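Work the whole structure out from these sequences, hints included.
The letter at position 140 of the sequence shown is residue 139 when you use numbering that gives the first Met the number 0, and the numbering goes up by one with no holes.
Hints are computed from structural coordinates only; laboratory data are not their basis.
The structure presented is a predicted model; accordingly, all values stated were derived computationally and were not measured.
All the pointers check out, no bait thrown in.
What follows is a set of in silico ranges between Cβ atoms, one per label pair, in the way DEER data are often shown:
1. L163 - V303: 17 to 27 Å
2. K118 - K91: 26 to 36 Å
3. N195 - E81: 33 to 43 Å
4. W123 - E215: 18 to 28 Å
5. Q86 - S226: 18 to 28 Å
Here are the simulated EDC-like pairs of lysine to aspartate or glutamate, each with C-alpha atoms no more than 20 Å apart in a straight line:
6. K118 - D197
7. K118 - E104
8. K136 - E158
Beta carbons are placed, not taken as given, at the ideal position from N, Cα and C, and that holds for glycine.
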Amino acid sequence: MKQEPQHLRYSSKKISSFAKPVLYFLCLLLAYSLGYLSSSTRNNNKSPDHINTVVAHVNTVINRATTELGGDHSDFGAVCGEAVPQQHIRRKILERVFKGTSPWENFPPSHVESLLRKKWIKGWGSNGAVFENLIRKVRPKTIIEVGTFLGASALHMFELTRRLGLYDTQIVCIDDFRGWPGFSDHLRMKDMKMVNGDVLLMYQFMQNVMQANATESVVYTPFSSGSALEKLCEWGVFGELIEVDAAHDFHSAWSDINRAFKLLKPGLEGGVIFGHDYFTAADNRGVRRAVNLFARAHNLTVQVDGQHWVFYISNRL
Numbered sequence: 000m001k002q003e004p005q006h007l008r009y010s011s012k013k014i015s016s017f018a019k020p021v022l023y024f025l026c027l028l029l030a031y032s033l034g035y036l037s038s039s040t041r042n043n044n045k046s047p048d049h050i051n052t053v054v055a056h057v058n059t060v061i062n063r064a065t066t067e068l069g070g071d072h073s074d075f076g077a078v079c080g081e082a083v084p085q086q087h088i089r090r091k092i093l094e095r096v097f098k099g100t101s102p103w104e105n106f107p108p109s110h111v112e113s114l115l116r117k118k119w120i121k122g123w124g125s126n127g128a129v130f131e132n133l134i135r136k137v138r139p140k141t142i143i144e145v146g147t148f149l150g151a152s153a154l155h156m157f158e159l160t161r162r163l164g165l166y167d168t169q170i171v172c173i174d175d176f177r178g179w180p181g182f183s184d185h186l187r188m189k190d191m192k193m194v195n196g197d198v199l200l201m202y203q204f205m206q207n208v209m210q211a212n213a214t215e216s217v218v219y220t221p222f223s224s225g226s227a228l229e230k231l232c233e234w235g236v237f238g239e240l241i242e243v244d245a246a247h248d249f250h251s252a253w254s255d256i257n258r259a260f261k262l263l264k265p266g267l268e269g270g271v272i273f274g275h276d277y278f279t280a281a282d283n284r285g286v287r288r289a290v291n292l293f294a295r296a297h298n299l300t301v302q303v304d305g306q307h308w309v310f311y312i313s314n315r316l
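Pasting the structure below:
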């Protein structure tokens, strides 16, 4: 059996022994930062200065801990900007992504109109009880969904918010709408049309949203989860409820969870991050491993609701 070089063993022990106190220190600072909010009075009509204070604390602590640990595996770059008031989030995304106009204007374009179904929604685990359980508990003003596909879970959440009287809730969807290699060979997707390599997922998603009369409540960013989450962070777009259900390999899930965590809105009530495939065949590719590792790194408890994993984040750490 090969012996590990002495200097590598020493380096590994040194990093390991250093990691625990730094993470403990990180948790203490986060607790202090979030505790600061308990003395603030909630007022949705005023500039969210209390949120920006916490954002600054969290950015500083995360960056310091990442540098000291030498952990590129936990460094996801972007520093979050000042929080955008909830009522301006939709406008911010339309300005940044669509030059200020609604993507549903003059929809559908003529070259795809005849190729779209009036309504075609497919998904996996998109109607689980977890959605109603969490929306009832959190009553979110902003929901961020990472991994949208044809909009099954996003539209289910839209219906739930309406049923619960949350008429101002905005749902921000993130997906590059490209599918995956071999996508068109999938048994459930063989009927999808293709134009010059475009499998028309985004257009069918838009059609589904239009048919559900949800165009004023659903907005989307048609980019990869990594680039979209970093930009939302830079733009100051935060949410109280974040669903992570994009790619299912370990590295993608780990990256998405870490980036999404930065977008969880600091506040008196905290918020929730959750996702699918904690108990499905897909967890063998790394979803469960990424979730469990994140829980250990942040001293969190993984709650399970059906096939979904859930992290409850509050100011009572």
